[in-house]
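> As you go down the protein sequences, you meet chains A, B and C in turn.
Counting in my numbering, the first sequence runs from 1 upward without gaps.
Counting in my numbering, the second sequence runs from 1 upward without gaps.
Counting in my numbering, the third sequence runs from 1 upward without gaps.
Misleading hints may appear alongside valid ones.
[Stated by the list, open to error] Heads up, simulated DMTMM-like pairs for lysine to aspartate or glutamate below, C-alpha to C-alpha not over 20 Å straight-line:
| id | chain 1 | residue 1 | chain 2 | residue 2 |
| --- | --- | --- | --- | --- |
| 1 | C | K204 | B | E107 |
| 2 | A | K18 | A | D229 |
| 3 | C | K204 | B | D14 |
| 4 | A | K25 | A | D204 |
| 5 | A | K26 | A | E154 |
| 6 | A | K118 | A | E154 |
[Claimed, not checked] Counterexamples of contact, computed for chain A against chain B with all Cβ distances above 12 Å:
| id | residue |
| --- | --- |
| 7 | M1 |
| 8 | S36 |
| 9 | T59 |
| 10 | K119 |
| 11 | K129 |
| 12 | L137 |
| 13 | S197 |
| 14 | S226 |
| 15 | E230 |
Think of the hints as simulated: they come from the structure by calculation, not from any bench.
We treat Cβ as the ideally placed atom computed from N, Cα and C, and that holds for glycine.
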Amino acid sequence: MIEIRSVHKKFGEVEILKGIDLDVKKGELLCLLGASGSGKSTLLQCINGLEPIQGGSITVDGVNVHAKDTNLNRLRQKLGIVFQQYNAFPHLTALENVTLALRLVAKRSRSDARAIAKKHLEHVGLGDKVDLLPTRLSGGQQQRLAIARALAMEPAYMLFDEVTSALDPELVGEVLDTMRLLKSEGMTMVVVTHDISFARQSGDRVAFLHSGRVCEVGTVAEVLGSPRDERTQRFLQRDSRA
Amino acid sequence: MQFILADQGFHWSDAQFLLIGALHTLLVSVLAGGIGTCGGIVLGWLRHVSTGIRVVTTPYVDITRSIPLLIQLILVNSALSMSGNAFSTFWLSIIVLSSSMTVVTSEVVRGSLGSVPYAYIRAARSLGMGYFQTLFHISAPLALRTGLSAWIGLLLGLTRDTALVSVVGYVEFMKSAQILISRTNETLPLLLGVGLFYFVICYPVSRYSAHLQRGIAS
Amino acid sequence: MSGYTFYWSLVWDAWPELLSGVRLTIEITCLSVLFGTLLAMPLSVARQNGRGVAGKFSAAWIEVARNTPTLFQVYMMYFGVGALGINISSFASVLIALTFNNAGYLAEIFRGGLVAVPPQQLRAARSLGMSQWQAYRTVIFPQVFSHVFPAFINQAVWALLNSSLGMLIGLRELTGAANAAQSVSFRSFEFFLVTAGIYYLLAKAIEFGSRIVFRRALRT
Chain A
1 MIEIRSVHKK
11 FGEVEILKGI
21 DLDVKKGELL
31 CLLGASGSGK
41 STLLQCINGL
51 EPIQGGSITV
61 DGVNVHAKDT
71 NLNRLRQKLG
81 IVFQQYNAFP
91 HLTALENVTL
101 ALRLVAKRSR
111 SDARAIAKKH
121 LEHVGLGDKV
131 DLLPTRLSGG
141 QQQRLAIARA
151 LAMEPAYMLF
161 DEVTSALDPE
171 LVGEVLDTMR
181 LLKSEGMTMV
191 VVTHDISFAR
201 QSGDRVAFLH
211 SGRVCEVGTV
221 AEVLGSPRDE
231 RTQRFLQRDS
241 RA
Chain B
1 MQFILADQGF
11 HWSDAQFLLI
21 GALHTLLVSV
31 LAGGIGTCGG
41 IVLGWLRHVS
51 TGIRVVTTPY
61 VDITRSIPLL
71 IQLILVNSAL
81 SMSGNAFSTF
91 WLSIIVLSSS
101 MTVVTSEVVR
111 GSLGSVPYAY
121 IRAARSLGMG
131 YFQTLFHISA
141 PLALRTGLSA
151 WIGLLLGLTR
161 DTALVSVVGY
171 VEFMKSAQIL
181 ISRTNETLPL
191 LLGVGLFYFV
201 ICYPVSRYSA
211 HLQRGIAS
Chain C
1 MSGYTFYWSL
11 VWDAWPELLS
21 GVRLTIEITC
31 LSVLFGTLLA
41 MPLSVARQNG
51 RGVAGKFSAA
61 WIEVARNTPT
71 LFQVYMMYFG
81 VGALGINISS
91 FASVLIALTF
101 NNAGYLAEIF
111 RGGLVAVPPQ
121 QLRAARSLGM
131 SQWQAYRTVI
141 FPQVFSHVFP
151 AFINQAVWAL
161 LNSSLGMLIG
171 LRELTGAANA
181 AQSVSFRSFE
191 FFLVTAGIYY
201 LLAKAIEFGS
211 RIVFRRALRT
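Based on the provided sequences and hints, a complete structural model is requested.
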């Protein structure tokens with residue numbers, strides 16, 4: 001379980017997160033919705049320690065992410081994260097992208113790493129593209145590569161930071177399908193997204209962020225079906241393509 | 001009265017003399033280039049990661065790039081003479097040229113490391129890779145693509161700069177040719193030969209480097 | 001080392017000579033950069049187009065200038081041309097050689113800037129009735145300049161440093177003047193340390209001066 005308690009975060013003088021309280025339960029798909037600048041992506045990058053926090057705490061399975069004596073490299077093996085773009089290392093083939101961390105971090109042998117990498121690449125539908133460089137892959141394929149690379153480390157949680165926002169519309173589907181596949185296999189996922197229909201179809205719970213605070217949180221039916229907060233309602237109305 | 005120099009024609013030993021000069025040029029270029037590259041990589045990386053080190057080393061970098069190489073050679077020569085110890089002109093040349101190469105290489109290294117998109121470093125760290133693992137497997141290969149062409153240019157520039165070390169008494173190719181000129185009076189053929197020597201080394205390599213750069217850009 | 005005293009007063013006594021050396025250095029630097037720039041503009045255009053005699057000529061100029069030592073170029077002007085019977089003063093040799101050198105390097109720098117200017121700019125200027133030369137002078141090259149300004153300043157500093165090669169053919173620019181002065185007293189270290197300091201100040205003057213000029217040019 002991920003426990004986020006009263007998290008405050010500043011970038012220079014500007015406070016982006018103004019006291020976030022949130023839990024992520026095992027096996028659920030939690031969607032983080034909100035306008036640009038509401039702090040969703042920042043929160044995600046605080047969870048795996050990429051960004052420091054100035055107040056509060058984030059605990060992953062009992063380990064305080066920002067404690068001085070926490071082994072971040074070991075903790076990050078539990079947290080897979082996929083970003084919006086520029087995920088795949090451009091100088092390595094798809095297979096090498098996946099085997100790199102397996103060899104260096106998980107300390108697998110070369111042959112084990114290759115086998116595990118192949119398995120995960122096939123799982124996301126890239127089995128025939130293992131020896132291609134990312135420049136030869138479409139945007140959707142690069143995102144799926146990033147997902148496979150994160151999954152190969154066998155994380156307990158997967159974090160997704162607007163992974164379809166930079167894709168051409170026809171490539172979005174394959175990535176969402178992969179995410180739905182993960183959900184069906186029981187992966188715990190935190191998904192920052194603009195895509196309300198995805199949240200509606202695949203999400204368990206939704207947290208709506210506004211100006212660095214959690215405005216509203218609850219099940220999909222509660223937040224998206226009958227939102228209580230006026231700001232949530234305005235956001236959902238604006239985004240009426242959902 | 002006409003002063004006739006003895007022995008004005010060319011001899012086979014002249015070719016040998018020039019060859020030794022050419023070898024000296026190549027030796028200095030390769031050695032100073034190697035030392036300067038290693039030093040430059042370390043200095044460039046240090047200046048990239050630590051603001052403190054960058055500030056402290058900026059005077060050295062700044063001064064080395066703002067003083068003619070000729071002056072640097074004469075100055076170090078003079079300083080070493082004052083110390084009273086014997087030193088070889090070869091090592092003097094290596095010291096000064098390596099220092100110059102270190103400084104310019106460090107700027108290229110710093111620039112290329114800085115040009116690696118943070119997104120890739122972030123992805124590597126998120127996979128659990130440590131700082132040095134990320135540096136060696138992600139940042140360095142990507143920085144190399146950006147900086148390789150510039151570095152090749154620096155190395156060729158160093159090769160051309162070796163022509164100056166004769167001012168401290170080390171006889172490399174240019175000086176060998178000059179010595180021959182003063183004996184044989186065959187100024188133009190020898191001078192043109194000198195130019196050709198450097199051109200034949202530098203031009204193909206810089207063309208190849210431009211070709212590499214185009215390949216990397218695609 | 002112990003027992004070695006520094007005689008800075010000797011340097012001070014030779015100040016007039018050093019100062020006239022500085023003047024020569026500044027002259028050579030400014031003139032070679034100015035003429036080099038004027039030559040580099042048509043050279044870069046010809047090289048970029050690549051066609052015909054002009055294209056090949058500019059390619060040859062640029063490649064020779066950039067792939068041979070500057071010292072070689074100076075020696076060619078002084079000794080090489082001298083061997084043909086034409087005697088050129090050391091000042092003229094350094095000036096011509098450095099102009100040749102600067103033109104080559106600047107042409108490559110300008111070429112990088114030419115690529116960055118959209119081709120529509122030239123077409124627009126020509127369709128307004130401008131001649132090729134007018135279009136390049138008033139529309140294209142100002143843009144090229146703002147793109148390549150840092151590299152241009154770098155080259156100007158290089159020209160300053162290269163002027164020191166004059167010493168090797170007897171020219172009394174700063175390095176030559178210092179060399180002549182120290183050969184009397186054998187206090188080479190003091191003289192050349194001061195000389196190094198002067199070059200540093202001159203290089204900084206070029207950098208800071210140009211930054212001010214650039215900022216003012218950008219504001220208009």
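> Within a Cα-Cα threshold of 20 Å, do K204(C) and D14(B) meet the stated pairing?
The given pair, whose Cα atoms are some 45 Å apart, is violated under the 20 Å limit.
> Per the stated criterion, does the least C-beta distance between K129(A) and chain B lie above 12 Å, as a non-interface residue requires?
Non-interface label stands for K129(A): nearest chain B Cβ at 19 Å, farther than 12 Å.
> Take a quick look at M1(A) and tell me if its Cβ sits farther than 12 Å from every Cβ on chain B, holds or violated.
holds (20 Å)
> Going straight from one Cα to the other, do K26(A) and E154(A) come out at no more than 20 Å?
holds (15 Å)
> Taking 12 Å as the cut and beta carbons as the points, is K119(A) off the interface with chain B?
Since the minimum Cβ distance to chain B is about 17 Å, K119(A) lies beyond 12 Å and the statement holds.
> T59(A) clear of chain B by more than 12 Å, beta carbon to beta carbon?
holds (18 Å)
> When you look at the beta carbon of S197(A), is every beta carbon of chain B farther off than 12 Å?
The claim holds: S197(A) sits with its nearest Cβ about 27 Å from chain B, beyond 12 Å.
> Does D229(A) lie within 20 Å of K18(A) when you go C-alpha to C-alpha?
It holds: about 18 Å lies between the C-alpha atoms, which stays within 20 Å.
> Do the alpha carbons of K118(A) and E154(A) lie within 20 Å of each other, as the hint requires?
holds (14 Å)
> Does D204(A) sit within 20 Å of K25(A), going by the straight-line distance between their CA atoms?
holds (10 Å)
> Taking the minimum C-beta separation from E230(A) to chain B, is that value above 12 Å?
It holds; E230(A) is separated from chain B by about 36 Å at its closest Cβ, greater than 12 Å.
> Do the alpha carbons of K204(C) and E107(B) lie within 20 Å of each other, as the hint requires?
Satisfied, since the Cα-Cα distance of roughly 18 Å is no more than 20 Å.
Violated hint: 3 only; the structure is consistent with all others.
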